[in-house]
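Undergrad: Work the whole structure out from these sequences, hints included.
Protein chains in written order, with UniProt numbering: chain D, 1 to 515; chain Z, 1 to 515.
Treat the hints as calculated values from the structure; they're not laboratory data.
Be aware that one or more of the hints could be misleading.
One copy or any two copies: either way a pair holds, since identical chains are not told apart in the list.
In silico lysine-lysine, DSSO-like type, Cα no more than 27 Å apart, as pairs [unchecked claim]: (1) Lys254 to Lys194; (2) Lys285 to Lys254; (3) Lys361 to Lys449; (4) Lys60 to Lys284.
Below, each chain spelled out in residue letters.
2 protein chains.
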Amino acid sequence: LSPARAWCQAAAQKLPGGIGSKLCDLLPALDGDMKTMTFLQEVVDILLAYITESFDRETKVIDFHYPNELLQRNNWELQDEPETLDDILISCRATLKYAIKTAHPRYFNQLSTGLDMVGLAADWLTSTANTNMFTYEVAPVFVLLEYVTLKKMREIIGWEDGRGDGIFSPGGAISNMYAMLLARFKMFPEVKEKGMSSVPRLAAFTSEHSHFSIKKGAAALGIGTESVICIKADESGKMIPADLERKILEAKQKGFVPFFVSATAGTTVYGAFDPLIAISDICKKYQVWFHVDGAWGGSLIMSRMHKWKLDGVERSVLKLTWNPHKMMAVPLQCSALLVREEGLMQNCNQMHACYLFQQDKHYDLSYDTGDKALQCGRHVDIFKLWLMWRAKGTIGFEAQIDKCLELSEYLYNKIKDREGYEMVFNGKPQHTNVCFWYLPPGMRYLEDKEEKKKRLHKVAPVIKARMMEYGTTMVSYQPQGDKVNFFRMVISNPAATFEDIDFLIEEIERLGQDL
Amino acid sequence: LSPARAWCQAAAQKLPGGIGSKLCDLLPALDGDMKTMTFLQEVVDILLAYITESFDRETKVIDFHYPNELLQRNNWELQDEPETLDDILISCRATLKYAIKTAHPRYFNQLSTGLDMVGLAADWLTSTANTNMFTYEVAPVFVLLEYVTLKKMREIIGWEDGRGDGIFSPGGAISNMYAMLLARFKMFPEVKEKGMSSVPRLAAFTSEHSHFSIKKGAAALGIGTESVICIKADESGKMIPADLERKILEAKQKGFVPFFVSATAGTTVYGAFDPLIAISDICKKYQVWFHVDGAWGGSLIMSRMHKWKLDGVERSVLKLTWNPHKMMAVPLQCSALLVREEGLMQNCNQMHACYLFQQDKHYDLSYDTGDKALQCGRHVDIFKLWLMWRAKGTIGFEAQIDKCLELSEYLYNKIKDREGYEMVFNGKPQHTNVCFWYLPPGMRYLEDKEEKKKRLHKVAPVIKARMMEYGTTMVSYQPQGDKVNFFRMVISNPAATFEDIDFLIEEIERLGQDL
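TA: What follows is the structure in structure tokens.
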């Protein structure tokens, strides 16, 4: 037995009726060690039980309650007086009882699903180390691991010797905002001091299927959403390069300065990969900065079988967003922005805070990475990715990604000719996104097309609501353009199997047949 | 014994020579339960040992190595092949060996120090639940807890019935950027679509002692750092209201539109509280939005003894940044932005992504809070604050804050007349910041003032470097304006005691006497 566990057991024997202590008995209280160990071990036991339950297909994905009902099911209020630690354990149990089991093999609702055990362990360690990424001084190991990992990622992209820069940011939306910020600064460095009034009217370009964060970023950065010009996508959701060129020319004629093209590698809904080589050629021709939003699809570069979908990504002259918390199943949140030009982030964002980035420290200051970020305090997101990479190896990530794509192909093949299903777009999906309508039997032979559309629009929301009420599985749906509500199945959950795909189809049919 | 622990022990008996497995043996592998429990329990044992060690004053705060040396002390590289879980445990131990012990009672280096056991437990649970704050659908409990907690915080500020809005964001810098973004949108809503070209030249105002994130935000938002006008601070670091009024008038004359004043409640270096009532009067007079950056000092509102320092904060017509991860010792990262006007964040930031914020869901959509954020995915930062609040009660936070302020007053009283010390500003500190020079004996009677300043400038960096090399304690230093390097002691660590303050002084003298 480890000393910690021995302590723990001794403590448990002394306090058989529960922990019976308050927070003030724990560390840093004098002699708080034993009570602390007992308390934390109790919490860990709750978590371990939750984990095994989460992977059990007999368990519900969610014990769903409407907001007002959930508010009443427990006392969630904050009080003046402290609670006992036994009450705290009760709160932990209640919180998990009503949580979504995102690790559940049948949870397909988001782009980030599943729970990796090494990633989880790493996140527990990160919480325990409880530090901040702004300087080497306060996070020596984590800063180095960020350095090592970003370099490895740049090597995989194909940038010479892995040179360049980058940062882990709080999510793909912020990474994309950084990208736009850097592109603007690169073209008009005076914008940092003088603001947008020193800059001509800018234009950014992205496909109509791209992520909403491009527009959100433009709004925040003072560029304005009207300056984000949507490029047409083809039937399968890929940006049409000819339309990009046409719209760049159009914008120039109107007096806009095109500064930024964001191509998407793996769109959110269709999972489409924009043709990066053709887009990069156009960017080069018109001297526009080329960014790739690979938040969802960037991870496919780790798969020898699928990385051709990202051909041209190495040409992203500026930067790439890549979210390991999605296809690589790293616990939330883990989003990398990779930047080709060294020093650009630093020049764009630094403010030289003298209380943090002292220039007379006794170590190599290039490891004080905080001033290139928009954040001051920055959460340690690197350790879980690094530790998972060590545990899986590059080939482990590759196997995981390939398996998810295999599952989605299985789903596609299963339903493409099945009665009652209609695919939203033709052809094999490029990513794990499978977009389809399910038509209940009573709706299949309706002649009135408008009536059929109207009724079909309501099918997915009802099936989804029933899924949540039964708690059997969860999958997302949405409309897109003039297409009524359809299911968007995505697979990033390493726990999913062929049987879970079969189950999903059976469940959709069971819950939707009467509609 | 809980089922999880029974499992665990059985597994340990079967595998006495170590875990001997690979990641692929763990969940979701078939029958991976036992190996998973064993592995996670091993990690927990490492963490528990690290925790008890961290609180032990006999332990070093840091086992410091220079970056290149640290890179060579361990194999940190990422490989193609997977490692065994035993190797993963070795990596965990190595990572902690070289980490900073931020929980150590003598770690005073940053505004965020210490480690709360309930906060830690909550963070472990958060990692295990591994979900995303964007919708109620995927984070029902956490979304409700955010709602409950933000309301409570608004009540404490003194906003009527706790009405208003807010969000937890990735750090105070981002919260301040949100504040500026909202102020701009509130005054010129067309900026969202049309960008800064539709808006007159704006001016923002903040004290010369304010946090660098105000300028960083202005640069990012396309406002430009030159539009951030620095207001003079008095000798103790507080904004001078008369100078604010003068500069607002000056800016107006130059054709700028004053839109935003950021007052600081607790500056980073001096811990000064700007006079909020006087500032808010000026803001009202000139119709400028009044924001309070209480990232560091906002928590004092929980103390009946100290909350007068924030008098006027309830007048912040727009918003308040308040970082519970600092004075309230909530694990990193936990930063709240509180907004007075309901709906403003939503209008400012929403982009209606139809794949996420479907309007035909079966529950009350007001709980889908994601579209008011700049982020898409958003880490769950609420649970640790909520659970700590339950465990401590409001009075527990108050006691913790009061104790830190008592310790800083003790330090101030101890050194203000002590030989070899000079205070950077006169008077009792308002926050826990105590700013002082230590003059080694050989420097005390130097007559040449320039020479003295020059030599004094080098004292703090050397003492700090020695502290890190011995690993005995850590405290920050910096210059400010024309003042040469001085120590900035801050106390937010709940583990610190009077003896630790005594130790710090002894240590500074021991390490600095020969300089």
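Undergrad: Tell me, which hint numbers fail for this structure?
TA: The structure conflicts with hint 4 only, although it agrees with all the remaining ones.
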